[in-house]
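Engineer: Sequence:
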Amino acid sequence: FRLNVFAICIILTMGVLVGIGNGMNIVSQSSQGPTSFYIAPMVFTIIPPLLCDSILLTCLFALYPLSGTPPATLLKIFAFPFCIKCTRVVVLVHYL
3 FRLNVFAICI ILTMGVLVGI GNGMNIVSQS SQGPTSFYIA PMVFTIIPPL
53 LCDSILLTCL FALYPLSGTP PATLLKIFAF PFCIKCTRVV VLVHYL
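For what it's worth, the working numbering labels the leading residue of the sequence shown as 3, then goes sequentially.
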């Protein structure tokens, strides 16, 4: 539950930062704001997908503990989320 609240707070912060940056550009087109107003939304756009994937995987581990679940079932359950997480990390590394 705490991780879900943390993810929601990060997403809300991202929305506020993006809104402020876009609002500054619309209101005062001639003067640009500080660079931090453009870097912070980019950082908050990159982090939440990885954080949400981690939260979902943690919930899956809580529902299907490693000690009580057969290996074949674990493979079936965790293969797709793990592939998605790896793909997101590869794309992130590729474009940064």
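There's no promise every hint is true.
[Claimed, not checked] Pairs of lysine to any residue, SDA-like flavour, derived with a Cα cap of 20 Å:
| id | residue 1 | residue 2 |
| --- | --- | --- |
| 1 | LYS87 | PRO51 |
| 2 | LYS78 | LEU94 |
| 3 | LYS87 | TYR40 |
| 4 | LYS87 | SER38 |
| 5 | LYS87 | CYS54 |
| 6 | LYS78 | PHE46 |
| 7 | LYS87 | PRO36 |
| 8 | LYS87 | MET26 |
| 9 | LYS78 | LEU59 |
| 10 | LYS87 | LEU53 |
| 11 | LYS87 | GLY21 |
| 12 | LYS87 | LEU52 |
| 13 | LYS87 | ASN6 |
| 14 | LYS78 | VAL95 |
| 15 | LYS78 | ILE49 |
| 16 | LYS78 | TYR97 |
| 17 | LYS87 | GLY70 |
| 18 | LYS87 | GLY23 |
[To be verified] DEER-style ranges, computed between Cβ atoms:
| id | residue 1 | residue 2 | range |
| --- | --- | --- | --- |
| 19 | SER30 | LEU65 | 15 to 23 Å |
| 20 | VAL91 | GLY70 | 44 to 52 Å |
| 21 | SER38 | CYS85 | 28 to 36 Å |
Derived from the structure by calculation, the hints contain no laboratory data.
In this text, a Cβ means the ideal position worked out from N, Cα and C, and glycines have one as well.
Engineer: If a hint holds in the structure, say so; if it does not, say that too.
Structural biologist: Each hint tested on the structure:
1. LYS87 to PRO51: holds (9 Å)
2. LYS78 to LEU94: Violated - the C-alpha atoms of LEU94 and LYS78 are around 26 Å apart, more than 20 Å.
3. LYS87 to TYR40: violated (26 Å)
4. LYS87 to SER38: violated (28 Å)
5. LYS87 to CYS54: holds (10 Å)
6. LYS78 to PHE46: Cα-Cα ~32 Å, so violated.
7. LYS87 to PRO36: violated (33 Å)
8. LYS87 to MET26: violated (34 Å)
9. LYS78 to LEU59: With Cα atoms ~13 Å apart, LYS78 and LEU59 stay inside 20 Å; holds.
10. LYS87 to LEU53: holds (10 Å)
11. LYS87 to GLY21: violated (28 Å)
12. LYS87 to LEU52: holds (7 Å)
13. LYS87 to ASN6: holds (18 Å)
14. LYS78 to VAL95: violated (27 Å)
15. LYS78 to ILE49: violated (27 Å)
16. LYS78 to TYR97: violated (30 Å)
17. LYS87 to GLY70: violated (24 Å)
18. LYS87 to GLY23: violated (29 Å)
19. SER30 to LEU65: 15 to 23 Å: violated (50 Å)
20. VAL91 to GLY70: 44 to 52 Å: violated (29 Å)
21. SER38 to CYS85: 28 to 36 Å: Roughly 35 Å apart at Cβ, these two residues keep to the hinted range, so it holds.
Going through the hint list in order, the structure does not satisfy hints 2, 3, 4, 6, 7, 8, 11, 14, 15, 16, 17, 18, 19, 20.
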